[in-house]
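A.B. asks: Chains A and B, in that order, give the protein sequences.
Reading the first sequence from the start, the letters are residues 1 to 419 in my numbering.
Reading the second sequence from the start, the letters are residues 420 to 703 in my numbering.
The set of hints was computed from the structure by calculation and includes no laboratory data.
Values in this document were obtained by computation on a predicted structure and should not be read as measured data.
Hints are supplied without guarantee of correctness; some may be wrong.
Some chain A residues flagged as far from chain B (calculated, every beta-carbon gap over 10 Å) [unchecked claim]:
| # | residue |
| --- | --- |
| 1 | S86 |
| 2 | A104 |
| 3 | D141 |
| 4 | D244 |
Some but not every residue of chain B turned toward chain A, in silico, with C-beta under 8 Å [unchecked claim]:
| # | residue |
| --- | --- |
| 5 | R438 |
| 6 | V460 |
| 7 | S537 |
For every residue, glycine included, the Cβ atom is placed at its ideal position computed from N, Cα and C.
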Amino acid sequence: MTQDIAISAKGLGKRYRRGLRSAQHNSIRDAIASAVGGLFRGDRSEQALSTFWALQDVSFDILRGENVGIIGLNGAGKSTLLKILSRITTPTVGYARVTGRLGALLEVGTGFHAELTGRENTFLYGAILGMSRAEVARKFDAIVDFSEIRDFIDTPVKRYSSGMYVRLAFAVAAHLDPDILLLDEVLAVGDFTFQRKCMDFARQLERKGSTILFVSHNMFSIKTMCQRVIYLKGGRVAFDGATDEALRLYESDSRLASTSWFHPPEHPSIVITDFELFDESGAPRAMFDFGERVRVRVRYHAPAPVEAPHFLLSFTRSDEILVCNFSSFSDNVDLPRVDGEGVIELLTPPLKLVSDRYTISVVVRQRGFERVLCAQIGAAMHMRHEIFNANAFGVFHEAGQWRVETTTPPRPALADKIR
Amino acid sequence: MLVPHPDSQTTHTSSIEIRPSKGLFDLELDAVWSYRELLIVLVYRDIQVLYKQAALGIAWAIIQPVFAVIVFSVIFGRFAQMPSDGIPYPVFAFAAVLPWTYFAEAVRRGGTGLVSDSDLVRKVYFPRLIIPLAGVIAPLLDFLIAFVILLGVMIWFGVMPSWRLLAVPPLLAIAALLALAIGLWLGPINVRFRDVKHTLPFMLQVWMYATPIVYPLSIIPAEWRWLYSLNPMVGVIEGFRWAVFGQGNPNLVAVGISLVVIGLLLIGGLMFFKRMEQSFADLI
């Protein structure tokens with residue numbers, strides 16, 4: 001039965017030295033300085049040497065043809081896991097076996113050279129991804145067609161728009177034809193039509209029986225692509241199983257967690273402690289109908305007094321599109337100085353958003369916008385409309401005013417007049 | 420059942436095992452061989468990129484050494500009256516400047532390639548040895564172009580080429596291996612400490628003056644030559660002059676010393692490189 005296993009991981013672990021990335025000594029002088037400094041401050045050198053496990057005791061078997069999503073908050077070890085499986089870095093402990101031709105896309109277009117033309121880069125990037133020259137030559141036309149930039153194929157890529165660049169890079173990658181594909185957030189690039197093309201490509205691989213391991217923050221693409229999800233938490237496997245169950249766990253864990261771009265300070269001056277959604281009348285709700293008003297109640301705790309903070313509530317659609325913001329500043333709400341516990345409530349206007357899932361996050365800023373005090377994920381809500389769904393109808397829908405003009409007599413006479 | 424992929428010759432169709440550190444002597448040279456297409460492509464890229472958007476293009480391969488020779492001829496040949504073993508000084512200097520220019524460029528690329536290709540190291544797997552290898556191979560093209568010019572200059576000054584030119588390829592190979600060995604040591608250090616980048620030009624400058632390039636080996640006192648010959652480039656440069664001018668005998672002792680020193684540096688360098696390779700992606 002082992003030949004049906006594409007990836008088998010047993011007790012994988014990766015230990016990093018703390019501060020390796022942020023405070024690494026890039027010159028010998030720094031290294032000497034910190035070593036000397038450490039002599040006088042014993043505690044600091046100890047801290048510099050302390051290590052942490054980015055990944056610990058990770059075991060799983062992925063069968064041939066399975067599509068598996070990897071989710072987790074920032075720093076949960078998702079990228080480290082992909083780096084180990086793609087052999088970019090070695091595990092500290094454990095063992096993994098990968099059976100089949102492996103393609104790893106941790107970033108689209110790694111190794112593209114700005115001075116080279118699209119054609120030259122196609123061959124370069126193909127080789128970087130592990131294709132032979134003959135293979136790239138054979139697939140060249142298909143790659144160029146897929147990228148939709150045939151007219152610019154002999155132009156240096158430094159003259160490309162970022163969209164064209166990504167298209168070409170992805171087109172090459174899409175023709176790698178791997179048995180096993182490792183993807184790190186790379187589908188979240190390009191415009192909408194191109195993204196759809198990428199999804200089609202993933203489905204096509206799926207039909208061919210390829211195995212796909214897919215890291216994403218985008219729960220929407222996880223849901224459409226994967227039947228199974230591995231949920232990493234603090235470097236360990238917190239859950240491995242059905243997608244819905246994994247997403248439910250992830251959602252409840254990420255409630256009130258800091259957003260991916262914000263790293264909270266050790267002693268935050270304000271923290272969101274609770275976040276609830278109600279309808280206009282005050283009944284708790286998570287599902288809303290198109291055009292309904294949403295009441296958002298945010299409970300906070302400020303350990304120290306904060307002078308006149310600004311609150312910002314952002315609605316983000318499941319495909320990571322920020323659809324609207326409500327700001328206490330632009331709505332001219334003057335908040336007093338906050339201290340200790342408190343509640344702030346927003347009643348939105350009728351939300352005319354298309355059917356989809358929306359995540360609401362809270363950002364609290366200091367007066368004058370110098371500093372973000374906290375940025376947390378609040379809760380998710382669903383919007384329902386029988387026709388307007390996110391895939392085809394843009395962001396919002398509202399009836400417009402139309403005026404219809406018809407001209408008589410018809411065409412021939414009109415054409416004469418113009419002449 | 421495993422069905423082999425039609426395009427699988429160059430990549431890994433069968434199982435790959437991922438484990439923590441490997442043994443000291445497990446150099447995985449077979450992996451380098453299976454990635455030879457990438458090596459070729461990277462060399463090709465380096466050559467293509469070098470003279471893109473330069474009005475004089477590939478002519479730079481000639482201009483650089485020619486200018487060095489002109490400067491040396493004026494300062495050392497004319498002003499300082501440096502002896503040149505009876506050969507016209509410009510030809511004497513050119514014959515040494517060529518292999519040295521190659522060597523210096525190969526060391527520079529071999530030592531800094533990992534960092535200048537850090538995107539690749541961070542995001543793509545391939546045997547990392549490919550990078551210093553490509554760094555040593557790419558400047559060979561410049562050498563070949565300039566070598567043709569050297570032949571022209573020789574004939575102009577009435578020095579006829581002979582069968583001894585057959586010694587040029589092996590001597591060049593020795594220079595390449597030495598540059599590779601140094602790249603294998605400096606590359607991983609450069610990943611950790613970027614000081615290497617700043618030290619290299621200075622180090623190469625000093626090394627050049629410790630090698631018989633602007634002066635002949637004959638001005639070194641005989642009793643100190645053995646020490647002087649520990650510099651592996653001495654054998655290469657002297658051998659090159661012999662191959663081009665046919666004066667004196669090939670300094671086999673110097674070449675032999677070069678080979679031993681290079682062999683030791685290379686084996687140690689390979690082991691060091693492999694040992695450090697695992698942490699490149701984490702440190703770079």
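A.B. asks: Now tell me, hint by hint, if it's right for this structure.
C.D. replies: Structure-based check of each hint:
| no. | hint | verdict |
| --- | --- | --- |
| 1 | S86 | violated, 5 Å |
| 2 | A104 | violated, 7 Å |
| 3 | D141 | holds, 16 Å |
| 4 | D244 | holds, 31 Å |
| 5 | R438 | holds, 5 Å |
| 6 | V460 | holds, 4 Å |
| 7 | S537 | violated, 10 Å |
Comparing the model with each numbered hint stated earlier shows that hints 1, 2 and 7 do not hold.
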